[in-house]
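With chain H's structure known, arrange chain V on it following the hints.
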Amino acid sequence: MKRKIILLLLFIFLLCGCTKEDKKVLNVLNWSSYIPDEVIRQFEKENNIKVNYSTYSSNEELLAKISSSKEGTYDLIFPSDYMIEIMINRKMLEEIDVTKLTNYNNLNRQYLGLPFDTDNKYSLPFLYATVVLAVNRDYIKDDITSYKDLINTKYKNDIVLIDDQRFVIGMSLLANGYSMNSTNNEELRIAQKWLEKLKPNIKAYDSDCPKNFLITEEAYIGYIWDAEAKLAKMENDSIEIIKPKEGIGISLDNYAIPKGAKNIEEAYKFIDYILDADIMHQILEGYPYNSVNIATDLKYKDDIMYSSKYIGTDYDNNSKYFVENIGSSIKNYDILWAEIK
Amino acid sequence: MKNKIIRSIFIVPVILYSLLLIALPIIYVLIISFYKNDSYGGMIRTFTLENYMSIFNSVYIGIFLKSFLIAVITMFICMIISYPFALAVSHKNAKTQSIFMTLVMVPFLTNSLIRMYGWIVLLRKNGVINQVLLSLNIIKNPLNLMYNNLGIVIGMVYTLLPFMILPLYSSISTIDYRLLEASSDLGANKWKTFTKVILPITFPALFNGGLMVFTPALGFFFIVDLLGGGKIMILGNLIKNQFLTARNWPFGAAIAILLIIITYILIMIYRKIGGKMDDLGA
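Sequence lines, in order, name chains H and V. Numbered by the working numbering, the letters in the first sequence go through residues -11 to 329 in order. Numbered by the working numbering, the letters in the second sequence go through residues 18 to 299 in order.
No lab work stands behind these hints, which were simulated from the structure alone. Hints are not guaranteed to be accurate.
To be verified - Going by beta-carbon spacing under 8 Å, a handful of chain V positions derived as facing chain H:
hint : residue
1    : Tyr57
2    : Ile61
3    : Ile78
4    : Ile80
5    : Asn158
6    : Asn161
7    : Tyr164
8    : Gly246
9    : Gly247
10   : Lys248
11   : Met250
12   : Phe260
What the hints assert, rightly or not - Pairs of lysine-lysine residues, derived as DSS-like cross-links and limited to a Cα-Cα distance of at most 25 Å, are as follows:
hint : chain 1 : residue 1 : chain 2 : residue 2
13   : V       : Lys157    : H       : Lys129
14   : H       : Lys38     : H       : Lys88
15   : H       : Lys144    : V       : Lys257
16   : V       : Lys257    : H       : Lys319
17   : V       : Lys213    : H       : Lys187
18   : V       : Lys142    : H       : Lys144
19   : H       : Lys88     : H       : Lys247
20   : H       : Lys38     : H       : Lys185
21   : H       : Lys257    : H       : Lys38
22   : H       : Lys129    : V       : Lys142
23   : H       : Lys109    : H       : Lys250
24   : V       : Lys53     : H       : Lys58
25   : H       : Lys38     : H       : Lys287
26   : V       : Lys257    : H       : Lys58
27   : H       : Lys319    : V       : Lys83
28   : H       : Lys247    : H       : Lys79
29   : H       : Lys250    : H       : Lys33
30   : V       : Lys142    : H       : Lys185
31   : H       : Lys181    : H       : Lys231
32   : H       : Lys308    : H       : Lys231
33   : H       : Lys308    : H       : Lys88
34   : V       : Lys257    : H       : Lys53
35   : H       : Lys142    : V       : Lys142
Stated by the list, open to error - Here are the computed distance ranges between Cβ atoms for each label pair:
hint : chain 1 : residue 1 : chain 2 : residue 2 : range
36   : H       : Gly274    : V       : Gly59     : 50 to 60 Å
37   : V       : Tyr69     : H       : Met222    : 20 to 30 Å
38   : V       : Ser190    : H       : Asn140    : 20 to 30 Å
Treat the numbers as computed from the prediction; the structure is a model and nothing was measured. Positions of the beta carbon are idealized from the N, C-alpha and C atoms, including for glycine.
The shape of chain H in the complex, shown without the other chains (with noise of 0.2 Å):
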């Protein structure tokens, strides 16, 4: 009896033990599906750290996941363009010291200093996506370079789209000759117009996994992510990639460190070590995105994710819109949104 206790002792001090050795944590909060499993394993290896990872799917549940927790839960987020700015103003974020970062200058100097975040004091783009048709070309022949041409009778529940209020009524204002940012009563009406017309042809809304819809062929065409374009193009080549003449939105994520939090110089180790070509390579493998790492784009350009098979037809005036926060205007989009549906 009394050797089994003195061995349930030892066994206790040596679970002690293992949780005394002070391991290094970095507590992430991105994305789902947006890092490989693999990437944050090598981190953790060859670091030493420990990556506690976890996610959310949309700008607005990571502010409601930030604002609601304690400070210095998270070390590392991944807001949008406009909700940086929201979380700038609500002061939610730390100032980035560029210095702690030997990647620094892989980073493609376009995606730099823009309107959100004019000097990136705040935040540094990681990846951009963007919003593009694809086309099931074994059953739609018709030619499509417009989103007009979405409203064809002949399309009758042939549609996914992505279930973001934004970039649906936002496709719907380009369509129309309008800013994708619009806060214009009567440019909304005509974009709600357009989209009444649209309803019929629509099959689902799915922000989840849209690519199924089109793999499955349970719809043949799409306005969804790229890269859930791309990997639907992957498992079935009639797919095509079609950037409309209007212009695309486009959604630019960025690291950004939250207020107070804990571990800021594993959080400065980590996106280094995204930063490098090799390792972002093999991000935009796992989940095919757009690359804003000029040493990645060098070095992989022969990479058949960098043709203009997956790429898409790229116009020269093939704008690309951000969505931007337009304030108290959002309940007219909110009502608008409730109204399409």
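Chain V only, in chain H's frame:
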């Protein structure tokens, strides 16, 4: 004395549980429903009824009506399926009864989201049901079984059916058989026995089941998103959107409070027409 201590050991956790996990969150939702939201998704601590006023916009009223319609249809279909089932099962011997009731409960062990994905495999255009019907030449073109209202109702009925069956079953199986014998001895036919004896006895259970189906049916946004293709908005989606896309927590809270008030009114109606609260807890 000792008894008292033992009793409080059992009661205190329950009280703490209800306070911390039910009362406090509802109070928090009630408080923020009077706040104002700022354009950055934060909340300004004031007192305003603006959130409640803005619910009375024709769009939101429309969503209320649509949600009620879907919930009422779900409730009636559940009743129509559950009542005969509960009646039939209660006539079987004890062993068969327990097998049937276990079968009703088994799906509960699996996450409801996963079960919804199961339905997608069955219902979609190239899904199992359409493939079978097509290969048997019963239909020429695939049926639209989901990504519409039909899909939503199928998902809702499927998920909520046990909530109707369980109270009905427990009520029907406790009916005193002598009452039915007396009814037939006094000359009532089977239909009359059903409407005059069985139905009145089981009415509280029917109402209880109805309430337990109706209320969640207003809010199950994941069913609407998955089987309805996100094309239709019910109260659940509307509330979720206020928190997760429109960044308008106070408005979302106001709608949630209104939903609680509506549920409360339904229970009050039930009491007015003679129902007992104890029966609801059965």
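Hint check:
no.: 1; hint: Tyr57; in the structure: 5 Å, holds
no.: 2; hint: Ile61; in the structure: 12 Å, violated
no.: 3; hint: Ile78; in the structure: 11 Å, violated
no.: 4; hint: Ile80; in the structure: 6 Å, holds
no.: 5; hint: Asn158; in the structure: 11 Å, violated
no.: 6; hint: Asn161; in the structure: 7 Å, holds
no.: 7; hint: Tyr164; in the structure: 5 Å, holds
no.: 8; hint: Gly246; in the structure: 3 Å, holds
no.: 9; hint: Gly247; in the structure: 3 Å, holds
no.: 10; hint: Lys248; in the structure: 6 Å, holds
no.: 11; hint: Met250; in the structure: 4 Å, holds
no.: 12; hint: Phe260; in the structure: 7 Å, holds
no.: 13; hint: V/Lys157 x H/Lys129; in the structure: 23 Å, holds
no.: 14; hint: H/Lys38 x H/Lys88; in the structure: 20 Å, holds
no.: 15; hint: H/Lys144 x V/Lys257; in the structure: 29 Å, violated
no.: 16; hint: V/Lys257 x H/Lys319; in the structure: 15 Å, holds
no.: 17; hint: V/Lys213 x H/Lys187; in the structure: 49 Å, violated
no.: 18; hint: V/Lys142 x H/Lys144; in the structure: 14 Å, holds
no.: 19; hint: H/Lys88 x H/Lys247; in the structure: 18 Å, holds
no.: 20; hint: H/Lys38 x H/Lys185; in the structure: 52 Å, violated
no.: 21; hint: H/Lys257 x H/Lys38; in the structure: 12 Å, holds
no.: 22; hint: H/Lys129 x V/Lys142; in the structure: 21 Å, holds
no.: 23; hint: H/Lys109 x H/Lys250; in the structure: 19 Å, holds
no.: 24; hint: V/Lys53 x H/Lys58; in the structure: 23 Å, holds
no.: 25; hint: H/Lys38 x H/Lys287; in the structure: 30 Å, violated
no.: 26; hint: V/Lys257 x H/Lys58; in the structure: 23 Å, holds
no.: 27; hint: H/Lys319 x V/Lys83; in the structure: 21 Å, holds
no.: 28; hint: H/Lys247 x H/Lys79; in the structure: 8 Å, holds
no.: 29; hint: H/Lys250 x H/Lys33; in the structure: 21 Å, holds
no.: 30; hint: V/Lys142 x H/Lys185; in the structure: 23 Å, holds
no.: 31; hint: H/Lys181 x H/Lys231; in the structure: 23 Å, holds
no.: 32; hint: H/Lys308 x H/Lys231; in the structure: 10 Å, holds
no.: 33; hint: H/Lys308 x H/Lys88; in the structure: 31 Å, violated
no.: 34; hint: V/Lys257 x H/Lys53; in the structure: 14 Å, holds
no.: 35; hint: H/Lys142 x V/Lys142; in the structure: 18 Å, holds
no.: 36; hint: H/Gly274 x V/Gly59: 50 to 60 Å; in the structure: 35 Å, violated
no.: 37; hint: V/Tyr69 x H/Met222: 20 to 30 Å; in the structure: 50 Å, violated
no.: 38; hint: V/Ser190 x H/Asn140: 20 to 30 Å; in the structure: 58 Å, violated
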